[in-house]
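Number of protein chains: 2
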Amino acid sequence: MALLDKITEKILQQIDGSGFQQKGAYNLRHNGVALCHGDSEHIKIKKKEDKPGIDIYIDGNTRGEQVHIPVVVDASGMKDEVYNDFYIDAGADVTIIAGCGIHNSGCNESRHDGIHSFHVGKGANVRYEEKHYGEGEGTGARVLNPVTKIYMKEDAVFTLDTVQIKGVDSTVRETEVEMGANSKLFVIEKLMTHDSQNAESNMEIQMNGDGSSAQIISRSVAKGQSRQVFHPKAVGNAKCHAHVQCDSIIMDHAEVASIPEINARHLDAAIIHEAAIGRINDEQLVKLRTLGMTAEEAEGIIIDNFLN
Amino acid sequence: MALLDKITEKILQQIDGSGFQQKGAYNLRHNGVALCHGDSEHIKIKKKEDKPGIDIYIDGNTRGEQVHIPVVVDASGMKDEVYNDFYIDAGADVTIIAGCGIHNSGCNESRHDGIHSFHVGKGANVRYEEKHYGEGEGTGARVLNPVTKIYMKEDAVFTLDTVQIKGVDSTVRETEVEMGANSKLFVIEKLMTHDSQNAESNMEIQMNGDGSSAQIISRSVAKGQSRQVFHPKAVGNAKCHAHVQCDSIIMDHAEVASIPEINARHLDAAIIHEAAIGRINDEQLVKLRTLGMTAEEAEGIIIDNFLN
Numbered sequence: 001m002a003l004l005d006k007i008t009e010k011i012l013q014q015i016d017g018s019g020f021q022q023k024g025a026y027n028l029r030h031n032g033v034a035l036c037h038g039d040s041e042h043i044k045i046k047k048k049e050d051k052p053g054i055d056i057y058i059d060g061n062t063r064g065e066q067v068h069i070p071v072v073v074d075a076s077g078m079k080d081e082v083y084n085d086f087y088i089d090a091g092a093d094v095t096i097i098a099g100c101g102i103h104n105s106g107c108n109e110s111r112h113d114g115i116h117s118f119h120v121g122k123g124a125n126v127r128y129e130e131k132h133y134g135e136g137e138g139t140g141a142r143v144l145n146p147v148t149k150i151y152m153k154e155d156a157v158f159t160l161d162t163v164q165i166k167g168v169d170s171t172v173r174e175t176e177v178e179m180g181a182n183s184k185l186f187v188i189e190k191l192m193t194h195d196s197q198n199a200e201s202n203m204e205i206q207m208n209g210d211g212s213s214a215q216i217i218s219r220s221v222a223k224g225q226s227r228q229v230f231h232p233k234a235v236g237n238a239k240c241h242a243h244v245q246c247d248s249i250i251m252d253h254a255e256v257a258s259i260p261e262i263n264a265r266h267l268d269a270a271i272i273h274e275a276a277i278g279r280i281n282d283e284q285l286v287k288l289r290t291l292g293m294t295a296e297e298a299e300g301i302i303i304d305n306f307l308n
Numbered sequence: 001m002a003l004l005d006k007i008t009e010k011i012l013q014q015i016d017g018s019g020f021q022q023k024g025a026y027n028l029r030h031n032g033v034a035l036c037h038g039d040s041e042h043i044k045i046k047k048k049e050d051k052p053g054i055d056i057y058i059d060g061n062t063r064g065e066q067v068h069i070p071v072v073v074d075a076s077g078m079k080d081e082v083y084n085d086f087y088i089d090a091g092a093d094v095t096i097i098a099g100c101g102i103h104n105s106g107c108n109e110s111r112h113d114g115i116h117s118f119h120v121g122k123g124a125n126v127r128y129e130e131k132h133y134g135e136g137e138g139t140g141a142r143v144l145n146p147v148t149k150i151y152m153k154e155d156a157v158f159t160l161d162t163v164q165i166k167g168v169d170s171t172v173r174e175t176e177v178e179m180g181a182n183s184k185l186f187v188i189e190k191l192m193t194h195d196s197q198n199a200e201s202n203m204e205i206q207m208n209g210d211g212s213s214a215q216i217i218s219r220s221v222a223k224g225q226s227r228q229v230f231h232p233k234a235v236g237n238a239k240c241h242a243h244v245q246c247d248s249i250i251m252d253h254a255e256v257a258s259i260p261e262i263n264a265r266h267l268d269a270a271i272i273h274e275a276a277i278g279r280i281n282d283e284q285l286v287k288l289r290t291l292g293m294t295a296e297e298a299e300g301i302i303i304d305n306f307l308n
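Those protein sequences? They're chains A and B, same order as listed. Just so we're aligned, residue 1 is where the first sequence starts under the numbering used here, counting upward by one. Just so we're aligned, residue 1 is where the second sequence starts under the numbering used here, counting upward by one.
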């Protein structure tokens, strides 16, 4: 068992809610190298030969198993780029717990770009959880630019649960999904920015197979002078349906722009989009404050509820 | 009184629902020239000296009056560009009935670009109706590219009611609105395309004044191989609220893309967007057909209801 330092352990608690342990299938990347890794009977992790990253093979007999692949960057000035490819066989049922935490105590930018691709076999059921988090007393920026590519065969089910907790100064998120017949996609994106942070999230869902369906829920809170831009795009190329919902709360001097695109290219494509941007519900604030809370406490509770 | 030919009269019936008459304030533009025009006590129309078009002065004592400014193009191969500027004094209450119809019996493209600007005084109430229509047995395209710029002073109310009836092969619509304090904007856009027609509608609403509000409703039907793209943008720079709703029905092999943008740049800006694209409601179709209608009749009734 590899021994982990205090900073790494603290960050793992933030980004791996299920509790990171060195057992089963796992891979802990620390400052650009695999600190420890393990396989299980059904899940094999192989280091890539040609570039940084791993290939994860999940066989069709996997049932309810978890794979943990957290990333910790605590060297200031580090730029870490990693390519992780998941090959999920037909019929597998798996939960993948990723996430990246940056601790920056220096004055240089620390950055992690995780490029993940998921090849999801027929009828497989994948849950992918990803938490992003930044901390550290340094002035150096904490930058996270995830790219997520999902290729779904027929009858596959994919749940993407992604959270930016706090402390990420700049993020550009790119998500691309191609959906086969009768496949189902669920996306839950939660994002919080504060101070002068910037966040951009681009998402493109191509519904290519008859009977495919997608539900995208995005919730965000922008505080301070932070800025957020959302650009979800849902394209219906077959008999399909999609529902995209983006809700944002703005506070202080923050700015949020939501630029969804829905595109029906097939007679039987049905696509709905809803977006709302506004301030915290005043009635809720008043109600909580009459219960004796301060304005900050009341705001905190409303925001926690909104993001959870 | 100017004598009008049969084609012009027929087109006027399509584009001027209130009934065009040569009385009160009016200006009929025909193949690039003013065929007839008149002023009223409160509304004066002046021909521009420097470019094609007219200036329309509406004084503050105008109460419930109509101005009719239809455009008819029936010369094949004609490209008509016109600049119409409206100066609406504080407190005026007026309905402006515009519209353009193209009859193209030749093989060359006929095109009308109407660039309209509205300077709306404090507390004025303006209703602007615009109908677009194309017809003619020729193979030449019928093209309409309207530009509408609206500048609203405080407490102004502007209703933009715009309809593309049918027969327009290509249209690019640009609408820009700047809103002062407590001003109110209502937009109703209805658009029907068929065959290989293309339609693009870009709209940008800048809510600059506290208390401003905007309601935008867009409804469209795309038949045949036609394509439509909608890009409404609502920007909240002050305490304001906006509601943008786009609903489209696709038929046959048509394609519709809706790319709204909502952007909150102020803590007290509240902006909501909703969009839906889908095929005709099957239950309604079945219900109407059990009443003895053919599929075409039933579709026609559903579409008429949707667009009215």
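Derived from the structure by calculation, the hints contain no laboratory data. What you are looking at is a predicted structure, and each value in this text was computed from that prediction instead of being measured. There could be a bad hint or two in this list.
As the list claims (entries may be wrong) - From the structure, some residues in chain B lie toward chain A, with a derived Cβ separation under 8 Å:
#, residue
1, 255
2, 259
3, 262
4, 267
5, 274
6, 277
7, 281
8, 285
9, 295
Cβ atoms here follow ideal geometry from the backbone N, Cα and C, with glycine treated the same way.
Going down the list of hints, with the structure as the test:
1. Because the beta carbon of residue 255 (chain B) sits about 5 Å from the nearest beta carbon in chain A, less than 8 Å, this interface hint is met.
2. Taking 8 Å as the C-beta contact cut-off toward chain A, the hint placing residue 259 (chain B) at the interface holds, the least distance being around 4 Å.
3. Given the 8 Å rule on beta carbons, the hint for residue 262 (chain B) holds: about 5 Å separates it from the nearest Cβ of chain A.
4. Because the smallest distance between the Cβ of residue 267 (chain B) and any Cβ of chain A comes to about 6 Å, under 8 Å, the interface hint for this residue holds.
5. This hint holds: residue 274 (chain B) has a C-beta 5 Å from the nearest C-beta of chain A, less than the 8 Å allowed.
6. Among the interface hints, the one on residue 277 (chain B) holds; its C-beta lies about 4 Å from the nearest C-beta in chain A, closer than the 8 Å criterion.
7. The beta carbon of residue 281 (chain B) is not positioned within 8 Å of any beta carbon in chain A (closest approach about 11 Å), and the interface hint is therefore violated.
8. Interface hint status for residue 285 (chain B): violated, as the beta-carbon distance to the closest one in chain A is roughly 13 Å, over 8 Å.
9. For the restraint placing residue 295 (chain B) at the interface with chain A, the shortest Cβ-Cβ distance is roughly 14 Å, beyond the 8 Å limit, so the hint is violated.
Violated hints, listed in ascending order, are 7, 8, 9; each of the other numbered hints is respected by the structure.
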